[in-house]
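Colleague: Letter by letter, the chains look like this.
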Amino acid sequence: MSLLNNFSNLSVGLTSYLLVGAMLFCLGLYGVFAKKNMIAILMSIELMLNAVNINFIAFNRFIWNQKVDIHYVLTGHVAALFIIIVAACEVAVGLALIISVYRNRKSTNVDEFNWLKW
Amino acid sequence: MFKEMHDLFQWAWLIPALPFLSFLLIAFVTKRSKGLSSTVSILAILSSLGMAIAIAYSVIRAGAEIVEHPAIVTVNWLNIGGLTIDFGTIIDPLSAMMLFVVTLVASMVQIYSLGYMHGDKGWSRYYAYQSLFASAMLGMVLATNLLQLFIFWELVGLCSYLLIGFWYFKVSAREAAKKAFMTTRVGDFGLLLGMLFLYSKFGTLDFVALSAAMSTSLQDIAVVGTAGYITVMAFLVFMGPVGKSGQFPLHVWLPDAMEGPTPVSALIHAATMVVAGVYLVARMYFLFDFASPEALQFIAGLGAFTAIFAASIAVVQNDIKRILAYSTLSQLGYMMFALGVGSFSGSMFHLMTHAFFKALMFLGAGSVILALHHKQNIWDMGGLWKKMPITGWTFFIGILAISGMPPFAGFFSKDEILANALQNGHPIIYAVGLFTAFLTAFYMCRLFFVVFMGPEKPENHPHESPWSMTIPLIILAFFSVVGGWVALPGHYNFAFFVHYGELHHVAIDWFLAGISVIAGLLGIGLAYAIYVKNVISAESIVARFPGVYKLLKNGYYVDDLYLWIIHHIMGGMGKILYWFDINIVDGIVNGIALTTRGSGKLLRRTSTGQVQMYAMVFFFAVVVIFMVFAFGEGQLSALNPLATLGGVK
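Going down the list, the sequences are from chains S and C. Converting from the first sequence to our numbering requires adding 11 to each position, the first position being numbered 1. Converting from the second sequence to our numbering requires adding 469 to each position, the first position being numbered 1.
Chain C on its own, in the form it takes in the complex:
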């Protein structure tokens, strides 16, 4: 059976290749025809989805065999000196899960876009970018080595840039695209350095080889140098995920990225691309867990901080998409700290469930935004429950899932992470996670109650979105409900396939789960009390803590801090360098030019135009040369062409 399965895995490269082919087709052939472009794109991604399902099925059938021995297919791509770079595909439960999630969400988003992008002038361009993104993301998931991963990593960054700035005629969209590109570039720089460092020490970038090399040579000081080296490597590699997955200092691009079309936000900035960083940490987990526990501690701390930091900002935002964006940041922090506390399965599990329910909520938000003609402030909405039943119900499922209510998907993943945090001895991180869960439930229900329950606004005439938009919502809602059930206790559950190191069965700790559910219920109840029953007035809370409110409203002034740094510190340095350039560098260049011109001015006086003068100079020069040749041969033979000729002979 393994044989047939292997045949199937050999064709895994088709999964990214098909969307790429569709990108080329749209870009060069069908771009004039809108219908054809979207058809090509959707057919390609659906084929990839089919293959991803087939592969996931084979992986599940293969059971323990594939867990121990990932199916790797490579072709040689590059040989420079000692550096050998392969391109290939790696199939293990982790990549199979990612393939399924990415193709599923991408298919749903592309179908959804049929409705959402209806009538847009850039239709074909949109689908071309979507295909390119899908291709790059899938290629990244299948990468067998760091360089291949990095190439696709940058490609998804490019697609993100293109799609955030899709409505390039809007200044804000252009600015947001640039901001996203540059901010992630900061992290990518670290990742690149980390790659070079790893290569210089271990001589390979292949994941499997790197893992093996690390386990054998870690005691060998000559190879690794001091123990600190490997921690530096781990930190450098981790900078990439910090940028891509919006962890604390580099999170600023994600809320602004909401300038892109909403389906793009759902696909790239919620479900797939932003989890690429988490995926990279998971792929390189041996580097963090086994080689550098300090780095793992740091990841846990940073992730937990990002989780609560972003959640607290989300509480006071008014733009529906920005709330979801901060929520995404918070959940990414969750996944990161899950990796940090050693909950590998939990993190990947949360990655999967989060992709389902966050994509669902973004698409639901898109449905609302479209129905209200591009209003995004939640206080302009209200009473949509009756007008948009499908959007409302599916959104409600998303809310319950992210709030961690059983039996929805988020309950299982969040509970596993929190339980692992406590069991692995991180009580502070557990507490932060629990409080974040409470905040998450609160701000999500605030969003839901205000948008769907609040009083109807007479100026709005909402109506339910077309089937192309509601069907993806229903499918994603389905997965948001059942997605968590794969981790139900049993032998062949999620953690059996996706785990790191020793397999240990973790039963659901119903006591801890109960605490999480209570925290979520508290959040929901508080939101209900404030925004539906008006028992507690939001305004009075704001009035009591105006400083805190302002701080949160402005996202802890991180953006302003960066602006200040750029204006004052970078600007000041720029001024100094500008002065240096103008006065020193240009001074040297201009000085040379001035000297040349001045000496020319002086020397031209010697050209009198008197032919006899020239003749005299000519004659005496000949005399001098003759004298040199005749009498000075010994000393000046270098000037004698005949002598040099002789020397050559």
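With the rest of the complex left out, here is chain S:
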């Protein structure tokens, strides 16, 4: 009901942001589970990370929004920034690995890379 209410009032609240975040996360999850191309999986992971970022910013805005002295507390923003940086690094490493694997195997299909089994 509250969800419907939010829509009907056309006010953009915390729930709306969390819904977007959750949808984005699920899309990313689906990509990670279903895509066969490594690069696509890497991109899906980026989606999931960004879903988390949205949650952080939303929580900071709606729940943790307070002033200490004259400054706003920006914990959520800082966490989001961290994640962006880590994601950049991760993509760099991930791409490097993918290229290395591709050079060896002439493929980016994850189904072919099951060497970790017994």
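Derived from the structure by calculation, the hints contain no laboratory data. It cannot be assumed that every hint is accurate.
Below, computed lysine to aspartate or glutamate pairings styled on DMTMM-like, alpha-carbon distance capped at 25 Å [what the hints assert, rightly or not]:
id : chain 1 : residue 1 : chain 2 : residue 2
1  : C       : 855       : C       : 933
2  : C       : 1070      : S       : 123
3  : C       : 639       : C       : 849
4  : C       : 1019      : C       : 657
5  : C       : 1070      : S       : 122
6  : C       : 1022      : C       : 849
Some but not every residue of chain S turned toward chain C, in silico, with C-beta under 7 Å [said to hold, decoys possible]:
id : residue
7  : 43
8  : 44
9  : 121
10 : 125
11 : 127
12 : 128
Chain S is nowhere near these chain C residues, computed Cβ spacing over 12 Å in every case [unchecked claim]:
id : residue
13 : 502
14 : 717
15 : 904
16 : 943
17 : 1062
Note that beta-carbon positions come from the ideal geometry of N, C-alpha and C, so glycine has one too.
The hints should help you fit chain C onto chain S, whose structure is shown.
Modeller: Relative to the frame of chain S, chain C by itself:
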């Protein structure tokens, strides 16, 4: 005077300590030097002999005082819970006599070994063992409590094992050593149980305290339990002597123990270690005599049976050492039944005289064996009287002593035992003892006549042994003659010092003594008639009773019976247990392993190597855990680490 004497008794611990020191010295320092090793060993045992003589002298000087109040010196050794174990020395006439006998025979044997073991590769090892044995035996004699006695008891058993197997390259010696060790272990097990039982009921293992506790609490049923308990204790304790002193069911090890060097047989398997059992019964006599007369009856019966049983086997043996071994068994039976019929003094007296003349005869046999280059069959010997006069004469004295001829030592001790048996109301045991005396005289003279008198064998070139061997023979022969005189009637005779309970003077009963002498003379005469004059043919007797001959020759098949039991009964049980082990025990262990391996084989199929698969499992597992924490907190809080943390707080 008692004061100075006490000072001397405080140093009694040196008697076992010196040979032990010599053992350590030989083992760690002088083993490379043969001469030094034997010198150290002999010096140590001679010092002990000197001290033993001094102590025996003081005991005799002290007279009645020491008889009533033994001089006991103890140091605390062990305190565990309520158990206090002292190590100490007890000096009373009994231990003083044993000290003298053991040190004397050990010294003689060690000197004798200078000649007998000449050129042996294991010389230093031999003397090290000899010293260790002397130390252990003397420590046992001086023990003030059962545990101390038991420790040294096992040590002499160990030395016996080491010395029987001294020539370990001979298979028979190895086997004999093992047999001796294991057979005595059967008895020692009983002794250990008896000790535990005694401790649990009386709370002490000290001889004096135990004797006192028993006399005060014997009427108290709460302490002793039922009267049967004390008899069980007595039987368990008696199992030790049965093994050690070769009484009937456990006698089988002693004849085989003759595989050891002959001086060892003389010292350990004739004069000292095998009488340890008799000594233990004497030390614990209060347990048997006062607390459990049934056990005493049993000892008398078993001793008498062993005496005649072993004597009858000795009649047909051909190995010189085995004859002496069976003779030892028979004489040990004598000492046992003497204790059983209440002849405490007689038993100890016989122990002493027997140590002298049996050691003498063993050493004499060793002298003969060495002269004939290790021939042991008496029918390969003969005519040694002229070639080996000293050995011959001393051996002859030994024969007369064991046959109970006056005035040699055996006459007095044997007569006292037999007289006591009759006077204390055991006519059957007296008769058995008398017949055994006849058999003893017979087989001993058979041995003597065949070895020394019979026709000379041309292939033998015997010559008299060196002085190191003949001097011990002469000394022991001296004691075999005069050793019995200490019991001549009088106020301060042997029985005055070594007795149990009330002192009563027993005069020599010349009528009974005459009967014993006649029995001995009959034995000697029969042997003379058969083996010297050939009036009666031994072969015709054998031909008439072939069954009896075979039975005796094989020692009543006791060994075969034991072998049969081991092969069939123990072996059968072993097979069943083996089956159980292979099929049940191993089955369980292997079953667990197989289950683990099988489930591993199945489960590994789930590891596909597909990263996305892993990611999915991971994700949904996280979801499940989240659900549990979020909605199931009430029921599943045990799984919630945060909740448990809170609980701790």
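Colleague: It remains to establish, for every hint, whether it holds in the given structure.
Modeller: Going down the list of hints, with the structure as the test:
1. C:855 / C:933: Judged against 25 Å, a Cα distance of about 10 Å means the pair holds.
2. C:1070 / S:123: Holds, at roughly 23 Å.
3. C:639 / C:849: Roughly 22 Å between the alpha carbons, so the hint for residue 639 of chain C and residue 849 of chain C holds.
4. C:1019 / C:657: violated (32 Å)
5. C:1070 / S:122: holds (23 Å)
6. C:1022 / C:849: holds (18 Å)
7. 43: holds (6 Å)
8. 44: holds (6 Å)
9. 121: holds (6 Å)
10. 125: holds (3 Å)
11. 127: holds (5 Å)
12. 128: At 3 Å from the nearest chain C Cβ, residue 128 of chain S passes the 7 Å test, so the hint holds.
13. 502: Non-interface label on residue 502 of chain C holds, nearest chain S Cβ at 69 Å vs cutoff 12 Å.
14. 717: Fine: 70 Å to the nearest Cβ keeps residue 717 of chain C off the interface.
15. 904: holds (86 Å)
16. 943: Fine: 89 Å to the nearest Cβ keeps residue 943 of chain C off the interface.
17. 1062: holds (19 Å)
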